[in-house]
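Please build the complex by placing chains B, C and D on the supplied structure of chain A, with the hints as guidance.
As given, the protein sequences belong to chains A, B, C and D, one line each in that order. Take the first sequence: its letters are residues 1 to 256, numbered as in our numbering. Take the second sequence: its letters are residues 1 to 46, numbered as in our numbering. Take the third sequence: its letters are residues 1 to 269, numbered as in our numbering. Take the fourth sequence: its letters are residues 1 to 184, numbered as in our numbering.
Honestly, the hints are just simulated from the structure, not real lab data. Even for Gly, the Cβ is constructed at its ideal location relative to N, Cα and C. Where hints are given, some of them may not hold.
Beyond 10 Å from chain A on every Cβ pair, some chain D residues (computed) [as the list claims (entries may be wrong)]:
#, residue
1, GLU9
2, LYS16
3, ILE46
4, SER55
5, GLY66
6, TRP104
7, ASP121
8, LYS183
Straight line, CA to CA, 25 Å or less: simulated BS3-like cross-link-like pairs of lysine-lysine [what the hints assert, rightly or not]:
#, chain 1, residue 1, chain 2, residue 2
9, A, LYS56, C, LYS112
10, D, LYS162, C, LYS268
11, C, LYS268, B, LYS43
12, B, LYS43, C, LYS112
13, C, LYS67, A, LYS97
14, C, LYS249, C, LYS67
15, B, LYS40, A, LYS56
16, C, LYS112, B, LYS41
17, D, LYS58, D, LYS183
Partner residues are not named here, just some residues of chain A that face chain C (Cβ under 10 Å, in silico) [unchecked claim]:
#, residue
18, MET4
19, LYS7
20, LEU55
21, PHE69
22, PHE70
23, PHE80
24, HIS113
25, GLY135
26, SER159
27, LEU170
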Amino acid sequence: MKEMIAKIVSLITDNQVYRSIFRHGYPTTDANRALIMFSSVILHLHPVRVRRGALKIRFTWCLGGLTFFFFVMLAITGVFLMFYYVPDTRRAYNDIKDLGTVVYFGSLFRNMHRWSAHAMVLSVWLHMTRVFMTGSYKPPREFNWVVGVILLVLTLVLSWTGYLLPWDQLALWAVTVGSKMAEAAPLLGNAGPFGPEIGMTPENDIRFVLLGGTVVGQSALLRFYVLHCLALPLVSAVLMAVHFWRIRKDGFSGPL
Amino acid sequence: MDEIWGYPHRLGITLFLIFGTALLTVGFIGFTAWLEQSFKKEKIKK
Amino acid sequence: MEISALIKNEAEKTRSPEDTVLVWPNLVYIELISILVATASLLFLSIISPAPLEELASADTTPNPTKAPWYFLGLQELLVYFDPWLAGVVLPTMIIIGLIIIPYVDPNPNGKGYYTFSERKFSVAGFSFGLGLWYILIVIGVWTRGLDWSWYWPWSDWHVHMSVTAVKLVDLELIFENMFGLPKEPLVTLGRYGITVANLITWVFFLGYYAVGFTVPFLLFRNFYNKLGLIRYNLVMFFFLSMSGVMLKMLLRLTFNIKYLVVTPWFKI
Amino acid sequence: MAEDPKAKEQELSRRKFLTLVGQCAGWGGIVASLGGVGVGTLKYLIPNVLYEPSSIFKIGLPSDYGVGVDTRFMKERQVWVVRNERGMYVLVGICRHLGCTPNWFPDQQRFRCPCHGSIYDTDGNVRGGPAPRTLWRSGVSLDAVDGQIIVNFNQRQDPDPKGTDEGLMVETSLREVSPFFLKV
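Bound-form chain A, shown alone (with noise of 0.2 Å):
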């Protein structure tokens, strides 16, 4: 029995092609263990070794890690979204409709895309706190707080496009609320001080561009589709790798 697996373990791993994929053996010895750190993509954003207190739970609380979990699972439930999904005022409501009654599973995505904003947008500041009480930020790690401050702006602005899409009236008015804002800015705005005195109307401030027109409508909801699907996760995820590269250079800041 025994050598019967092994003979189907060495047949599977006894050829070109796995070992072209995997260049080391299962990581059971501290070589191999090794090994794999610096042959795998995802794992190398650890390094091979790290200090004691850095695996402490109650140091680091997991925080930083799950939020990237969490980017993930938006990243990929929010793909499954959009194959029923398409932006246009005379549909939206009804695909999410669907999503929820017609669609296999739909509603379970759905419901794990909302949860997962949630859950990030809380980790995200949980592991700033964090990072604040532990003076994680200190040199040589001054940038990189400034980097994470950052993406949790665009965290807050990608939870902020996506509440449009459902176009309910929740999504309408929470985002009607938060484009009135931006027609209050200063200078910018046509409601904001100054704006009117430098000719800001509702027709060429800072809003309109923002909503491509003077209401929440179908030029608006489509530029919120492209930021929240498109450009928002592409900016995250450069910034997420300056991130972690930087994480990865400097070392955990970690006791002991």
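Frame of chain A; chains B, C and D shown alone:
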């Protein structure tokens, strides 16, 4: 203003705001201090 | 960062093998377990609490109350006390900039890489206060605001409009005018802006808050100032005073019914 | 042959100067093209044609409206038509706080916003709540041919209100002027 934008529970709101903020602030500080102590103890034990 | 520092850091990281452990399996397994727990929680939440979908969007009726997603309710609550350009644009911008500059205005070398309150009391307390204010505003927005954005306690009837006792909200300017019988005619007129005596006094109060706030710590806690230096001190004090100012303005509104502290035709604070 | 040190110096300073010119031109070019891309992007994002309902529309004859607030065009056009003893005006149904749609309460003779509790009277003055300015009034005129009222939705009267004990007020005489008021 004859009506209504009022605060029927003005005192309640004020107290809620002040004590809520104070409680959360002390909570965050306390949690940090507690973590500080717990890590210190661990170091000594080892 | 300089290369030498990078190298030093790298050396520090791999200081001695006894202090370090292999990432595989130690860290990788922790991550795997936390991901599994997170996935399970997400699935559980998705099943017990589905995403809401209200009626089709329509511009002619606003739902009552209209609430933003919970993480923006702190800002929405601020909108009760501040004009949109402040609550919606200037304050969020200041929060973001304030967060960004934190590493550059904190010269304290202690407390890097471990939890400590005793070694950095002011920064931890200040940050906690900001967080506390942010979260309490969210709590208020989520759990106590009902119809017409009125205040509802958990035990109130949330289906009836609050009957509201008559409350007058007045500008600080008017309070001064009525209290001291100051002239209502402007002293100077700049375009649309008629500056009355009372108006000037409100400016003195508003700017005085910052002036006193900047000066008193400088005089009493010279050590604090010396550690930070001129630029850092001013940045820290500006953001700290503004953060406390938000709280103060809200309390002034609640206790004295003051609508605006400073009034101009273009903006009101 | 010994070189003239002065010529060498001149040569050097010429080279320095040319390098400087080159650098300025290079960096200037980069900044200019980035600026061009920025302006172009902004221009691209501002649409030239809007597929929205027209902002200029007719709301019927003045004789169709009695004294008081009329809500018949609220759903379709987001305006209230108001007639008082002196004439008619059109209030825009957008709260000046954050753009929610206020509701009309005939029993209280007040507009109340559900978002943050702003309260307006029939003149558009702010009687309570966080609204910083009075309700807009739209531009109105009479059609020379059929006598109907033409509303220009985006032409808006927005005077500076004064804080008083009653609320944020604008003198009625200042608001009841052409083209925001019809003496009919």
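Looking back at the hints listed earlier, which ones does the structure fail to meet? Hints 3, 4, 11, 18, 19 and 23 are the ones this structure does not satisfy, whereas the remaining hints hold.
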